[in-house]
Amino acid sequence: MKILFVDDEKDVEALFRQKFRKEIKSGEIELAFAFSGKEALNVLGDENPPKFVYVFSDINMPGMSGLELLDQIKIRFPNIQVSMISAYGDSENYDRAMNSGAKGFFTKPVDFERLKKEIAEMVKNQ
Amino acid sequence: MNIHLQHILDTLLQIEAITDEQRSSLNKTLKEADKELTILEFKLDRTEKVKRTTAILLEETIEELELKRKAIEETNSALQRSLEDLKATQSQLIQQEKLASLGQLTAGIAHEIQNPLNFVNNFSEVNNELIDEQLEEIEKGDLEEIKELALIMKENSEKITLHGKRADAIVKGMLEHSKTGSGKKEPTNLNALAEEFSRLAFNSFLAKNKDFKGEYKLELDPELPLLEVVPQDIGKVLLNLLNNAFYACAEQRKDLSGFENLTGLTPTVTVSTKNLGDKIQISVKDNGPGIPEAIKDKIFQPFFTTKPTGQGTGLGLSLSYDIIKAHGGEIHVESKPGKLTTFEILLLM
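First to last, the protein sequences are chains A and V. Numbered per this note's numbering, the first sequence spans residues 1 to 126. Numbered per this note's numbering, the second sequence spans residues 1001 to 1349.
Chain V on its own, in the form it takes in the complex (with noise of 0.2 Å):
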């Protein structure tokens, strides 16, 4: 027993004056009061035990806090070195899928440049024949003859010139494509522009599928106005839209053989602006096989291609989508599955 209560029932018990009923329920209410003291230093000691025990467990936690921090330190920094890393690699890619739109474009560059120039060596080689020709007239003194073979040399001139300066535009053109985005804004004739990328795009397309019998169309609307645009970057967006549209096309045709006598229907791509009072629309559409309601949101996304691989690099469209962002526009795509596909593009005037 506790010496203090043991010392309360010792003096007590001293008293004689106590009867023996007293004393006996004094020694039993002393004893039971000893006891529950017994169980509160128990308890007490107990909660003294968890209290270290919870200090340690505390202690361990803010050290392995501590340690988690500092991992979680490192990768924040590895993270924000693979996030410069991927920067660098998407401008690299970037700059890579320029030159591969480049690169796709320099068939169909030579064809289109071949053209004008075999026209202009030989509409100058005619007409060094006729200046012979005429010469020989000349001798004779046939007036009639002379003036008509001088006409004739006027209107081949006339053609040098024209296909020269077709060349010309074409190595403006391609030289434009090559530089990287820092083309200025200026008033641009959409239809021409339209007109010009529609046929490179499509003899560029040709002259890698050889078996391709598409075709293209423009619809163009004679009352557009001049639009303050970057031409090359414009360009590269209808570029990188006739791609995939004559993609989609020769798609659909090998897809289904005898597709084209089956049904009558040539793999077409339409071209076609129009003036809509406060914006110009351009759209291009395809007769392929449509873009799948799963991928739709997708497409502009970077690096999304549904081209095997090593055939696209996904950069595509969402470039494009930058390009057209970049000058306040919009740029919409809808598509029927197994009928077609329209990209929409939107500038403000």
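So here's chain A without its partners, still in its complex pose (with noise of 0.2 Å):
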């Protein structure tokens, strides 16, 4: 299962490719990381249509908000589940995204045992 991660913070890529490297090894899961709002819909835009399932993606990111790239896939990849991971778990970051059509909302400091939980529950409804 592809998962993509979306986050302005490059460490992001080492830190979640080892928290999750038991899954990967095992080949459940796939992960993908784009940098900013634009780079993820380029990396999803270049598969059609795309193989990714999951996108996880901060929102307070240069250019792109997250909450902008959740409308956008939205529109462009309807298939495509979309949580967010921000610092900021205000009622109206949570608000928008929920109405918005997000899965889940995660806040940061992630917590990892939900993370896992939630992508283990989608990887046993492929």
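You can trust all of the hints, since none of them are fake.
Capping the alpha-carbon separation at 16 Å, the derived lysine to aspartate or glutamate pairs in EDC-like fashion look like this: (1) V:K1210 <-> A:D95; (2) A:K25 <-> V:E1145; (3) A:K25 <-> V:E1133.
Since the hints were made in silico from the structure, they are not lab data.
Since each chain comes alone in its own frame, lean on the hints to assemble the complex.
Next up, the structure:
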């Protein structure tokens, strides 16, 4: 199952690859990373239809924000699930994400147990 | 008739040798002399009256002037007092402006510190897990795997140090920022300063304006020598310029709905540095609505602001101007209405 993580912090890639190394090794999931909303849309647009099943995106990023990316994905790739990961877990961000069709909302620092559970469930349903 | 003239007339009339004709002529002449004398007396009397009146008026005027002098003296001391009050208020406002800009930063700073701290926590957690794994591999005796895990852990601990230092620099920067003008000049990497404050200003602005879809770009000259400046002061200037630039971009977007889609223009703030040989140029450019010609020469004046009441102190640019002047530098603005604004700082090497 292909998952795309979007965050403007580059070290997120090293961290998530290590946190999910077992799941990656077993072939359960495949991770890709984009460091801006634009890059994420490019990555998703590279394949037709994209094989990505799930996108996790940060909200506060230079240029396109995560919420805008969410809207774009919902328009262009309605089958892909999107969840937000943000340091700003206020109700305004939360409501906007949920109203725009986000599947879930994770706050930073990320609770990896919860994130793993979320992904495991998604894998099971595939 | 005047008694002396009468006496002359009487005496002359008694002389018998005078003919009647001569007598009437003398009589007429003396009467005319008397008439003229009467007129002169009258004129003299009038002049005297005028003199008296003038003297009284003069006295009154002097009194009045004295009163006015006293009033002016009072006004002067009142003005002096309000000047002192104003000075006190101004220094208070400058203090407030410093605190306000620190306040504006708080959200950005919190975010800025939270991110590296999360990495520090996460990577140390991961290392802990990797150590457990490594212990298992040691039991199995798989040297290859043990080595691989060690290398990953080494990389992780380098990341922990890096992000720890990042948080450290932010806290130090924050403390520097709250210091009030006591900073010392020190060799400063202006590129690093520009980068740090751009990120800080961007995150602070974003934290307050969640709808903002702009971005910032850095165009930094790699050939920049270290420059002797007060880093927190130059940082303050950058922060003011950046805040204004983001504000301007956001304004443009609010004015025209769908502006971004219409023109394909993303609100963008570009911070650049350039080595000009004898000077270093730092510029902050935004593609906001520009500065109207009519107010261009007012923007550096203290308390001038175009922001709604309560949103700007009008001291940001004025303080920036003072700081750059104190560094012996120059600050200019160039603006094309409806297109862009560029603030340019020139610092002598």
